[in-house]
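*Asks:* Listed below, chain by chain, are the residues.
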Amino acid sequence: MEGTPITQVNNPNQAHVPTRACLRQWVGFFVIGVLLYLALYAWAEIQVRTTGQKNRFFMIATAPPQKLDFVILGASHAMPLGFGDTEAQFEARSGATIMNLSNEGAGVLPNLFVYDYFSRRHSATNVIYVVDSFAFYSSEWNEDRLTDSDLFRRAPLDRDLIATFLAHPWSRGILPEYLSGFAKINGLYRLGSDIPDAESRKFTRTYRPNKQIDKTRIDYLFASEDPQAAIEKYLGDFAELIARVQASGADFIAVKLPTPPRYRDRLPGEAAFDAKMATILDSAHVEMHDFSGVLPGDEFYYDTDHLNLAGVEAVAGLGLTDLLVDEK
Amino acid sequence: MLLNSFSFLWFFALVAVVYYSIPGRFRWVLLLVASYYFYSAFELAYLVLLAYATAAAYVFGRLVEDGSQNPRGKLWLGLGVLAQLSVLAVFKYADFLLESVESALAPFSLFQNALAIPRLGWLLPVGLSFFTFSCVSYIIDCYRGKLRAERHLGHLAVYVAFFPKLVAGPIERATSFLPQLREGATFDPVRVAFGLQLLLWGLFKKVVIADRLAEFVDAGFTNTAFQSPVTVLISVYFYAFQIYCDFSGYSDMAIGLAAILGFTLIENFRRPYLSRNIAEFWSKRWHISLANWFRDYLYIPLGGSRMSRPRFYLNVMAVFAVSGLWHGASWTFVIWGAINGFYQVIWLMLAGLRQRLAAVIPGALWTAISVLLTFHLIVFAWVFFRAATLSGAIAIFDRVWSALSLYPSLLRTYNWTPEFWLSLTLIVVLMIVECFDEVRSIFHRIAALPLLPRWGLYYSMIACLLVIGRWSGAEFVYMQF
Numbered sequence: 001m002e003g004t005p006i007t008q009v010n011n012p013n014q015a016h017v018p019t020r021a022c023l024r025q026w027v028g029f030f031v032i033g034v035l036l037y038l039a040l041y042a043w044a045e046i047q048v049r050t051t052g053q054k055n056r057f058f059m060i061a062t063a064p065p066q067k068l069d070f071v072i073l074g075a076s077h078a079m080p081l082g083f084g085d086t087e088a089q090f091e092a093r094s095g096a097t098i099m100n101l102s103n104e105g106a107g108v109l110p111n112l113f114v115y116d117y118f119s120r121r122h123s124a125t126n127v128i129y130v131v132d133s134f135a136f137y138s139s140e141w142n143e144d145r146l147t148d149s150d151l152f153r154r155a156p157l158d159r160d161l162i163a164t165f166l167a168h169p170w171s172r173g174i175l176p177e178y179l180s181g182f183a184k185i186n187g188l189y190r191l192g193s194d195i196p197d198a199e200s201r202k203f204t205r206t207y208r209p210n211k212q213i214d215k216t217r218i219d220y221l222f223a224s225e226d227p228q229a230a231i232e233k234y235l236g237d238f239a240e241l242i243a244r245v246q247a248s249g250a251d252f253i254a255v256k257l258p259t260p261p262r263y264r265d266r267l268p269g270e271a272a273f274d275a276k277m278a279t280i281l282d283s284a285h286v287e288m289h290d291f292s293g294v295l296p297g298d299e300f301y302y303d304t305d306h307l308n309l310a311g312v313e314a315v316a317g318l319g320l321t322d323l324l325v326d327e328k
Numbered sequence: 329m330l331l332n333s334f335s336f337l338w339f340f341a342l343v344a345v346v347y348y349s350i351p352g353r354f355r356w357v358l359l360l361v362a363s364y365y366f367y368s369a370f371e372l373a374y375l376v377l378l379a380y381a382t383a384a385a386y387v388f389g390r391l392v393e394d395g396s397q398n399p400r401g402k403l404w405l406g407l408g409v410l411a412q413l414s415v416l417a418v419f420k421y422a423d424f425l426l427e428s429v430e431s432a433l434a435p436f437s438l439f440q441n442a443l444a445i446p447r448l449g450w451l452l453p454v455g456l457s458f459f460t461f462s463c464v465s466y467i468i469d470c471y472r473g474k475l476r477a478e479r480h481l482g483h484l485a486v487y488v489a490f491f492p493k494l495v496a497g498p499i500e501r502a503t504s505f506l507p508q509l510r511e512g513a514t515f516d517p518v519r520v521a522f523g524l525q526l527l528l529w530g531l532f533k534k535v536v537i538a539d540r541l542a543e544f545v546d547a548g549f550t551n552t553a554f555q556s557p558v559t560v561l562i563s564v565y566f567y568a569f570q571i572y573c574d575f576s577g578y579s580d581m582a583i584g585l586a587a588i589l590g591f592t593l594i595e596n597f598r599r600p601y602l603s604r605n606i607a608e609f610w611s612k613r614w615h616i617s618l619a620n621w622f623r624d625y626l627y628i629p630l631g632g633s634r635m636s637r638p639r640f641y642l643n644v645m646a647v648f649a650v651s652g653l654w655h656g657a658s659w660t661f662v663i664w665g666a667i668n669g670f671y672q673v674i675w676l677m678l679a680g681l682r683q684r685l686a687a688v689i690p691g692a693l694w695t696a697i698s699v700l701l702t703f704h705l706i707v708f709a710w711v712f713f714r715a716a717t718l719s720g721a722i723a724i725f726d727r728v729w730s731a732l733s734l735y736p737s738l739l740r741t742y743n744w745t746p747e748f749w750l751s752l753t754l755i756v757v758l759m760i761v762e763c764f765d766e767v768r769s770i771f772h773r774i775a776a777l778p779l780l781p782r783w784g785l786y787y788s789m790i791a792c793l794l795v796i797g798r799w800s801g802a803e804f805v806y807m808q809f
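In order, the protein sequence lines correspond to chains A and B. Position 135 (the first sequence) corresponds to 135 in the numbering used here; numbering is contiguous. Numbering-wise, the numbering used here comes out as the position in the second sequence, counting from 1, plus 328.
Heads up, a few of these hints could be off.
Per label pair, the in silico range of CB-to-CB distance [stated by the list, open to error]: (1) V756/B / L166/A: 44 to 54 Å; (2) V345/B / L166/A: 40 to 50 Å; (3) L166/A / A776/B: 27 to 37 Å; (4) D226/A / V376/B: 37 to 47 Å; (5) R24/A / R400/B: 40 to 50 Å; (6) I760/B / L38/A: 52 to 62 Å; (7) D546/B / I213/A: 15 to 25 Å; (8) E803/B / Q246/A: 39 to 49 Å; (9) E543/B / R264/A: 26 to 36 Å; (10) G28/A / F354/B: 28 to 38 Å.
It should be emphasised that the hints constitute simulated quantities derived from the structure, not laboratory data. Note that CB positions come from ideal geometry on N, CA and C, so glycine has one too.
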């Protein structure tokens, strides 16, 4: 009943095939394979462009060149400012044009990268950077985040993006993977909607606090082998980002968004980080607008630390809209 | 550098091209350099262990050669085996032993933590169990006169470190490998094409199936008490296929990579879930190279089946318990091995009943019942293999059994995601392929196809790898052993 053991298939005495004919077949197989890959690549590119909505690289690549009043950078805390129709609400109330380019888990380097790419197509009068201390603690939120293929899964093939990759030593290594289009092809079958899960499913929820979940979240965000060295390094990169923004003629505005006290009080070394951040900001004549303590209630958050719809509306009324109006 | 990564595939392509471009007499140097480079990618310091295992095998191989005519042969053999196993003992079992001693003495301790025995805390070097067993088999084969001790240290080093099989086997014998290395390989397109097919199939099993199932398995085996019983049940069944696709995928890739370089490695898996009994599963179909190793170097020296009945059963139990311990330094592995030994003993004891049943039940039905029963016994034992602790394994059974009467409603309301259906479909496809393979080799079937459907099949598999493959760099399960 049992079939031939595979090692017997590997029998050098079986039918002899001339090497040259075999190699010719292999070349044919390879060429057709490359053509099929290119077809798959083209299909993936079309899918990325037809289904794209909120992906930051897609937004930059497909928006007509323009000068915006505000560009928002930062990590996931900044993302709710663009969820649902909140960005349109901010625009209506302030009369300013806004593009939210914040990304989940994005530290200084991913933001520097995104801003560099943005600047090749568009310009901004103001850049709002939503500061999150965790993003300065580890390469996971910086160099490693840039190598995360998920980040570029929906990034259209674009000359300016290639130039951006080449412009930074820490992003050059990712260029081959981006050019190969593998991340797009590999994500084809789960492309679906280009709306973050947090926006489509969680934004209107209210969080029920859980100490264990809060702790797990903090442990995850602040895991670092050498936090002090990381903070020094990424604060240096942050200073470079400020300099670049200011050199492009835009104003740099630093903002801390609200977080609940049960979360904020657990942050390790936050006061020391704030002091270091203040030194960087002072030397660049940048003001920090700190909203971190204005919304203590859990009803303003959809999870451990992210603003929900009620939270965004509340912080808008507590000074964020005024900031946009003043700085516009 | 994992076999399921693009960096490895590029590395291998480069090695293969250079391998066939240089004269045969230099190829062992290339293989050795490539193997040491490959191993150093995990941790540079591990190279010391690899070099030590090779040097010890070389020295003791020479000392024990033709042990029967060598008055000190037995002594050198004992020392040689000890030299190999001591590294394994220190890196793999020392902490387990210390922990067990501490737990055993804890009830006698007057103060809490009074018996806190310090641990070594050393990381287990990748593939240590595999290359240690290769070296042990080499020394014993030299002693038994099956093999002339290798005079060429470089060749022996390649045998120990040959990178396709280094981190998770198959546990190749020197009697088969060294002659191939000496003989050298000429470029054979048929052999290379066969190697590429196996590489593709192994990658498919690992990247498309195993790593997809891993998500379901991890969900069920993590925080089990908080998971739906359906989630846990799915994770138990899916684990059987995850570990099979993960490990056999690696073996297929290793055999394929070796074939491309002109080497034939031992077949390690042969459609295990079509086994009709536990003995067949372990002796002929699952991790064949390890089963053969235990048979030749432990079971037969213990007396095998040529002993009294109780001693025979004891030998079986001992071999399975040691096999369990080989897999990992934890009681879960020991129990897993003991369960399999117990299955085997019961199966042997029920020989008369089996014959009577086989006589009255139609052949096909008897085969189907045997295959299904064997599969479920294996699935049961896998729970101990996968669970991190004994209590974790018990929690799995508790979760599955406690909700027995609720399954109709739980199944109706369960969130059957597209990812689940895709995973199930892949398992069904795998088993259909295995059923066909059981009758006639799937590689022969493919070879007999006309060009168009054959290439279509290859392109479809490559497309699956690209589009639905999980290229997250998940390690192979057996690498931790």
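*Asks:* Could you see if the CB distance from D226/A to V376/B stays within 37 to 47 Å?
*Replies:* Violated, since D226/A and V376/B (Cβ atoms, about 27 Å apart) do not stay within the stated range.
*Asks:* Does the Cβ pair V756/B, L166/A satisfy 44 to 54 Å?
*Replies:* 47 Å, holds
*Asks:* With 26 to 36 Å as the target window, see if E543/B and R264/A comply at their CB atoms.
*Replies:* Holds: the Cβ-Cβ distance is about 33 Å, inside 26 to 36 Å.
*Asks:* For the range 27 to 37 Å, tell me whether the beta carbons of L166/A and A776/B fit it or not.
*Replies:* 50 Å, violated
*Asks:* Just to be sure I understand the hint, the distance between the Cβ atoms of D546/B and I213/A should be within 15 to 25 Å; is that true here?
*Replies:* 19 Å, holds
*Asks:* Per the hint of 40 to 50 Å, is the separation of the Cβ atoms of V345/B and L166/A within bounds?
*Replies:* 29 Å, violated
*Asks:* Range first: 28 to 38 Å. Now tell me if the beta carbons of G28/A and F354/B are that far apart.
*Replies:* For F354/B against G28/A, whose Cβ atoms are near 32 Å apart, the range 28 to 38 Å holds.
*Asks:* How does the Cβ-Cβ distance of R24/A and R400/B compare with 40 to 50 Å: does it lie in that range?
*Replies:* 60 Å Cβ-Cβ, so the 40 to 50 Å window is violated.
*Asks:* Is it true that E803/B and Q246/A lie within 39 to 49 Å of each other by Cβ?
*Replies:* 46 Å Cβ-Cβ, so the 39 to 49 Å window holds.
*Asks:* Verify the CB-CB distance for I760/B and L38/A against the hinted window 52 to 62 Å.
*Replies:* 32 Å, violated
Checked against the numbered hints given earlier, the structure breaks hints 2, 3, 4, 5 and 6 and satisfies all the rest.
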